[in-house]
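Q: Now for the letters of each chain:
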Amino acid sequence: MPLPPEPDPWSQLRATTRARIGLGRVGDAMPIKDVLEFQLAHAKARDAVHTKLATAALKINIQGEVIEVRSAAQSREIYLRRPDLGRQLHSDCEALLTPGDYDAVFVIADGLSATAVSLNAVPMLKAVLSRLHDFKIAPVVIATQARVAIGDDIGERLGAKLCVMLIGERPGLSVAESLGIYLTYHPKRGTRDSARNCISNIHGKGGLSYEVAADTLAWLMRESLRRKLTGVDLKEEALLAPPESMEALGTR
Amino acid sequence: MARYATSFGGETYRFDDLKTVLACASARRSGDELAGLAAQSDAQRVAARAVLADLPLTTFLNEALIPYEADEVTRLILDSHDNEAFAPVSHLTVGGLRDWLLGYEADTAALRAVAPGLTPEMVAAVSKLMRNQDLIAVARKCEVVTAFRNTLGLPGRLATRLQPNHPTDDLRGIAASTLDGLLYGTGDAVIGINPATDNVPNCLALLEMLDGLRQRYEIPTQTCVLTHVTNVIEVMNRGGAVDLVFQSIAGSEAANAGFGVNLGILQEAQAAALALGRGSLGQNLMYFETGQGAALSAEAHFGIDQQTIEARAYAVARAFKPLLVNTVVGFIGPEYLYDGKQIIRAGLEDHFCGKLLGVPMGCDVCYTNHAEADQDDMDTLMTLLTAAGVTFVITVPGADDIMLNYQSLSYHDLLYLRATFGVRPAPEFEIWLEKMDMVDRNGRMRMAGPQNKMLQRLINAAAA
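Just so you know, the protein sequences line up as chains P and L, in that order. My numbering numbers the first residue of the first sequence as 1 and each following residue consecutively. My numbering numbers the first residue of the second sequence as 1001 and each following residue consecutively.
Just so you know, not all the hints are guaranteed correct.
Claimed, not checked - Coverage of chain L stretches by chain P, computed from C-beta distances (three or more under 8 Å per stretch; other residues unrestricted): (1) 1026-1038; (2) 1094-1104; (3) 1329-1340; (4) 1368-1377; (5) 1415-1421.
What the hints assert, rightly or not - Across the chosen pairs, the derived CB separations fall in these ranges: (6) Gln1215(L) to Trp219(P): 41 to 47 Å; (7) Ala1113(L) to Ser11(P): 53 to 59 Å; (8) Ile1265(L) to Gly27(P): 46 to 52 Å; (9) Lys228(P) to Leu1078(L): 45 to 51 Å.
Stated by the list, open to error - Lysine-lysine pairs mimicking DSS-like chemistry, simulated, CA-CA at most 30 Å apart: (10) Lys33(P) to Lys1341(L); (11) Lys44(P) to Lys33(P); (12) Lys1341(L) to Lys52(P).
None of these hints come from the bench; they were simulated from the model. Yeah, the Cβ is synthetic: ideal placement off N, Cα and C, and Gly gets one too.
Between the sequences and the hints, there should be enough to build the whole structure, so can you do that?
A: So, in structure tokens, the structure goes:
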């Protein structure tokens, strides 16, 4: 009669962390199962970085007026090498943005994860719009090969009081589909990153939910219009730990 | 106007100033291209190296890349320069220094003696004339030994930082990753957490947990929560168990200001930590991280190429007699180091420059998911760095840091390096591993199967 399988002593601890603990060994190396799982996760993260944003599907799901723009970065390789070009609006797109009387413009940008945008941008947008019935909202702008600061140019040209940027965050192995939101009051070219508020880590794998993020964002948007600012002076405690700021603070 | 020119294959190449020569001589990398500093052609790059090879080393003492009056890092470099130590090489050109370093006379003792006479600019310059094998061969001869609760940097040893990060700083999750790492014999350089939430109460809680774990198992190592230096001062004021003071640093006063630090605040933190008297074997207690691209990212590079200004950060580190320094080489992103080739070269340069200046240099062998790199590139870099005698590398469970979202080395990778090169942990830590019966009679880490009593006991404790 075969012996029952030995219990895995790590099972208790795996509930406390997504870290790859208790992998086991063959000689000094990782078992092949773990090697392949790692490679698949890395492949998905890379696909999230390099996949082209499916803008047609996004437009259908948004169900409203949409303006499509692109940055001055002509390809993904240039985008990755030249963050400055990803922050600039392509000159061909300037004429598409005509000024109006808007409280806010929502910009959906591929950033470093088109996967994050395809999965999360539209439900996130709908969740927050349902809380902003009294706002005058500009047509949604979809920006490709784009970084956060491209929203400054877009918001400035549309004459919007607020720019809300929904952008794909840098993928990790465990989550390749995390969406970030950057809120900028009175967007204009040259705005410093410290003048924005960020809500990060929005995704369906244990991240922030659309509803919680929408509550926070709607609160920040109203407070921002009331106090006429965004950034470090407009703090929503405990939600302001954008991953990109860690490097800037020197604590990675 | 151009003071630096050379004729090469019938063509004349001119360079406006010293920093242009240095930038153009650097191996190709995306960060210098982003900054508009890179050589315009491969031929121009070689021409810049030819100019550099003929430059006297004293050029770097007479011509500051960032003015003395404007930058405290420049002042530190020039004021602390040791002319006596410099004497054996003071007559040399940069090319002459390269040959001298590779010569048999430049042994461990000679390299140790000359270190205070070398400036980061000299070291960066000579590295640009060196192939990867030269960077390895010379770094291997350098010996930088430091101590706190164990001794790091001895020949034939390779230490590791155990990095048990967690996206919400869950104490049990961090304990689980720490336990996993200890079972592979990692953590002799430091058990160090990057906190997800960087505030004082959270750092206190994390430090208490790490210190409790260390004391409970009498682990001869040091622990660290990598919070901002101003936070760690406050943590010490509140009685926190601070072994090491951590800070990210860079190679200009302005770039350090971007990190919210200056030399004065680092001195203040160091003095406070020394007063705690927690080191049993030595008083090296500063821990610095650096990385090519940090100064450019802070718009504080002063037209200096990223490798040269990175080396200046090691002069900052050196002034504080640190226990540990590491470059986070592939972490800063593909706009600075685009692919595996660039990351590998930069990792070897950073290690060489740090060691030659007398800094206990380690490396976070790593990459992000938007860089053109993968674990094969990390295998190559960790293998080369171990051949070069790197002081320590960083390890995380399964090579996947779930908090910082990038890939480093795995605990398994350390076992590979130990087996392949015969390198061993810090001596005090090695004795502890034996005492804990974690090593078999062949000197290998025991496989911790489900029936292993030690494992069961540790797991029950970590899960409690």
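Q: Checking one constraint from the list: CA of Lys44(P) to CA of Lys33(P), max 30 Å. Satisfied?
A: Since the Cα atoms of Lys44(P) and Lys33(P) sit roughly 17 Å apart, the hinted pair holds (cutoff 30 Å).
Q: Just to be careful, I want the Cα atoms of Lys1341(L) and Lys52(P) compared with a cutoff of 30 Å; is the pair within it?
A: holds (26 Å)
Q: Counting residues of the segment 1026-1038 of chain L that have a beta-carbon nearer than 8 Å to any beta-carbon of chain P, does the count reach 3?
A: holds (count 3)
Q: Using the beta carbons of Lys228(P) and Leu1078(L), state whether their distance is inside 45 to 51 Å or not.
A: holds (48 Å)
Q: How does the coverage statement for the segment 1415-1421 of chain L fare against chain P, requiring three or more residues with Cβ below 8 Å from a Cβ of that chain?
A: The restraint on the segment 1415-1421 of chain L holds, since 4 of its residues have a Cβ under 8 Å from chain P and three suffice.
Q: Take the C-alpha atoms of Lys33(P) and Lys1341(L), compute the straight-line distance between them, and say whether it is at most 30 Å.
A: holds (28 Å)
Q: Taking 53 to 59 Å as the stated bounds, is the beta-carbon spacing between Ala1113(L) and Ser11(P) within them?
A: holds (56 Å)
Q: Given that the segment 1094-1104 of chain L was listed as covered by chain P, double-check it with a C-beta distance under 8 Å for 3 or more residues.
A: violated (count 0)
Q: Holds or violated: the segment 1368-1377 of chain L covered by chain P, criterion of 3 or more residues with Cβ-Cβ distance under 8 Å?
A: holds (count 5)
Q: Do three or more residues of the segment 1329-1340 of chain L come closer than 8 Å to chain P, measuring C-beta to C-beta?
A: holds (count 5)
Q: Go ahead and decide if the range 46 to 52 Å is satisfied by the Cβ distance of Ile1265(L) to Gly27(P).
A: holds (47 Å)
Q: A range of 41 to 47 Å was offered for this pair. Does it hold for the Cβ distance of Gln1215(L) and Trp219(P)?
A: Distance hint for Gln1215(L), Trp219(P) holds at roughly 44 Å.
Comparing the model with each numbered hint stated earlier shows that hint 2 is the single one that does not hold.
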